[in-house]
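Colleague: As you go down the protein sequences, you meet chains F and Z in turn. For what it's worth, this note's numbering labels the leading residue of the first sequence as 1, then goes sequentially. For what it's worth, this note's numbering labels the leading residue of the second sequence as 424, then goes sequentially.
Hint data in this document are derived by calculation from the structure and do not stem from the laboratory. Don't take every hint at face value.
[Stated by the list, open to error] Derived lysine to aspartate or glutamate pairs resembling EDC-like cross-links, with alpha carbons at most 16 angstroms apart:
1) F/Lys255 to F/Glu273
2) Z/Lys487 to F/Glu407
3) Z/Lys552 to F/Glu225
4) F/Lys167 to Z/Glu453
5) Z/Lys520 to F/Asp4
6) Z/Lys541 to F/Asp112
7) Z/Lys552 to F/Glu291
8) F/Lys148 to Z/Glu549
9) Z/Lys501 to F/Glu30
10) F/Lys214 to F/Glu225
11) Z/Lys564 to F/Glu225
12) Z/Lys557 to F/Glu389
13) Z/Lys487 to F/Glu106
14) Z/Lys552 to F/Asp112
15) Z/Lys501 to F/Glu389
16) Z/Lys469 to F/Glu389
17) F/Lys167 to Z/Asp484
18) Z/Lys557 to F/Asp112
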Amino acid sequence: MSLDYKQKYSFGADYGTSFFKFGSILCGEEPKMIENRGYFPRNDNIMHNAFGETKDIVVGDEVPLYLQAKEDLTENLIYPMKNGIVEKNNSRAWDVVKAISLYGLEAFEPTDNDFEGFNIVASLSSIAPRYMYEKIFQIYKEINERRKLIKAATVISQPLSVAIAHKVTTCTVIESGHGNTQVCPISHYPIRNAIVPINRGGGDANSITAEILKDLGYSDLAREEAFVTRAKEKLGLIPVDFEKSVAKAKKHPKKFKNKFKIPGTRIVVELEENTWTRFLIGEYVFDPNHELFTSYFKRGLPKPKDIRIGDLLFKGMLDFGEAIIEAVERCPVELQPHLYRNILLSGGNFCWEQPSMQLKGLATSANSKIKLLLRKKGITNVNISMTNEPQYSVWRGTIIYGYAVPENYNWSWEQLEGWISFD
Amino acid sequence: MNQSKKIKPIISGQVIFNIITKESKLIQFENILEIFKQNLKFLRRKTGAYIFSGGIISNLDLIKNNNGSLTASIRFNKAKPFFLDNLTSTTLSNFNKNSLSCSMKGNFDFDRIKNYLKDSSDWFEESKKNFCAKKRYDKKKVQVTAYPSMAILNLMCEFNGKEDTLDPNSPGRIIKNLSRIGGGTT
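All chains, please: the whole structure from these sequences, using the hints.
Modeller: What follows is the structure, encoded as structure tokens:
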């Protein structure tokens with residue numbers, strides 16, 4: 001596996017709870033992204049038999065073309081991961097993981113003669129148990145039995161991948177995706193005993209946005225995830241001080257005015273006197289504990305629950321500041337200042353537009369908000385950076401890792417690093 | 424006449440070069456960065472990325488080879504053709520040889536690109552509609568790989584010595600040419 005070969009055929013695969021981001025090194029700096037889900041079409045009807053549509057499982061951009069009745073979705077549309085974890089014996093979920101892996105590899109299969117398979121770096125949640133590593137390697141082996149698409153494979157944790165992408169070896173990574181958030185201290189390797197997982201991510205911000213839209217009279221649209229996501233991105237604001245920002249917006253709603261039109265439609269969303277609700281979206285992501293949210297919970301907004309997966313407790317309502325402190329305080333005292341001094345924010349849940357200058361002192365950025373949450377708890381000497389295009393930083397780290405790790409570095413189950421060769 | 428909107432592709436990729444001087448052990452990440460800062464207009468740093476006029480260096484790695492030499496890998500993003508020309512000429516002036524892999528992401532007219540490349544050497548096409556060819560630009564052979572379903576066009580080529588980047592072989596020129604054929608602008 002020469003450097004020339006790796007320069008052409010390194011492949012990154014980031015298995016997020018909601019999205020699978022993948023692509024070869026030749027992708028440039030942005031991977032291809034599909035939903036991490038698979039649809040099992042019913043193959044017992046006339047259309048399937050008459051037109052020869054005999055796919056057992058559909059993944060990627062084709063999924064919407066195969067969807068059948070709504071009632072059918074819960075049974076046949078499978079999201080394999082819950083909080084980054086696939087249940088060990090859930091064979092349908094693993095079939096989806098295999099199908100998306102194959103989909104990604106085939107999409108980038110090169111036509112060159114010298115192609116002997118990709119060097120694939122898979123990235124899993126920092127709390128993924130060992131059986132997930134074993135299963136991923138098993139899947140790659142099965143893919144290769146049909147067609148040689150993989151030359152060597154390795155698996156790294158998502159926070160480590162973020163740290164690699166930003167060349168930081170001692171830091172705290174907060175990787176907040178659509179489904180959940182992981183706070184992971186890193187000192188050359190992820191400190192597994194100190195990881196604090198949170199059962200809250202971009203999907204929860206979508207939920208509160210949907211409630212706000214319902215209150216504004218957009219009930220039908222609030223059921224469409226793509227619309228809600230766009231509304232969240234366009235309308236959401238992170239408050240400096242939640243109560244003060246909301247009070248100000250209630251008093252001067254015009255100052256916070258923002259309307260947006262959905263491209264290609266006639267739909268224009270305007271908040272008018274309810275512009276204060278823009279702050280609900282931002283606050284909910286970082287700290288959902290304010291009493292204002294209680295009325296939403298009472299009206300049906302699903303409250304992020306504490307859930308136990310294996311021996312790990314995913315807290316639902318933990319604010320991000322508290323979560324960082326909890327994670328860092330599980331590490332040696334000498335290391336703690338270094339972990340606070342380098343906090344990296346990564347993941348799509350941190351993709352927020354910079355507030356306008358007009359809102360200075362009322363709305364802020366994600367890193368400033370975390371800084372404020374930590375300051376409230378007495379932690380001051382912190383340095384927080386937002387990764388460049390945070391939704392892609394895990395994938396970028398996999399590409400750099402795949403390129404930089406020497407080919408003779410064999411996989412070690414003790415260290416969970418190195419290459420497994422498929423030659 | 425209706426004029427369709429031009430595609431503006433996102434250009435990103437990687438330049439690699441070997442450092443085989445006796446002093447290679449002394450060469451650090453900062454030294455290489457300094458060379459770039461002298462030759463490209465540096466604007467600012469942003470969380471591990473270095474923002475220059477016309478492009479971003481998102482990552483710079485030094486990889487130790489088995490024989491003790493070093494390979495430098497520079498990943499760039501959101502590049503303009505002139506940035507790529509400057510980047511390659513800077514590495515060639517200092518390290519004499521480099522290999523460039525560059526991707527353009529955009530909804531090109533891949534059929535037109537296919538027609539343009541079809542008569543080139545080493546033409547391959549496979550069932551997923553990806554295709555690949557080696558196209559000659561004057562003395563330079565450039566490997567072009569297209570992934571139509573992913574809207575990606577990739578170029579790979581090697582440059583030897585400073586004279587290699589002179590027109591019409593400069594990477595910026597080649598990129599502009601291919602982009603134009605696919606209905607894009609740069």
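Colleague: Next step is simple, just say for each hint if it's right about the structure.
Modeller: Structure-based check of all given hints:
{"no.": "1", "hint": "F/Lys255 to F/Glu273", "result": "holds, 10 angstroms"}
{"no.": "2", "hint": "Z/Lys487 to F/Glu407", "result": "holds, 12 angstroms"}
{"no.": "3", "hint": "Z/Lys552 to F/Glu225", "result": "violated, 32 angstroms"}
{"no.": "4", "hint": "F/Lys167 to Z/Glu453", "result": "holds, 13 angstroms"}
{"no.": "5", "hint": "Z/Lys520 to F/Asp4", "result": "holds, 14 angstroms"}
{"no.": "6", "hint": "Z/Lys541 to F/Asp112", "result": "holds, 15 angstroms"}
{"no.": "7", "hint": "Z/Lys552 to F/Glu291", "result": "violated, 55 angstroms"}
{"no.": "8", "hint": "F/Lys148 to Z/Glu549", "result": "holds, 15 angstroms"}
{"no.": "9", "hint": "Z/Lys501 to F/Glu30", "result": "holds, 11 angstroms"}
{"no.": "10", "hint": "F/Lys214 to F/Glu225", "result": "holds, 13 angstroms"}
{"no.": "11", "hint": "Z/Lys564 to F/Glu225", "result": "violated, 47 angstroms"}
{"no.": "12", "hint": "Z/Lys557 to F/Glu389", "result": "violated, 33 angstroms"}
{"no.": "13", "hint": "Z/Lys487 to F/Glu106", "result": "violated, 31 angstroms"}
{"no.": "14", "hint": "Z/Lys552 to F/Asp112", "result": "holds, 13 angstroms"}
{"no.": "15", "hint": "Z/Lys501 to F/Glu389", "result": "holds, 12 angstroms"}
{"no.": "16", "hint": "Z/Lys469 to F/Glu389", "result": "holds, 11 angstroms"}
{"no.": "17", "hint": "F/Lys167 to Z/Asp484", "result": "holds, 9 angstroms"}
{"no.": "18", "hint": "Z/Lys557 to F/Asp112", "result": "holds, 10 angstroms"}
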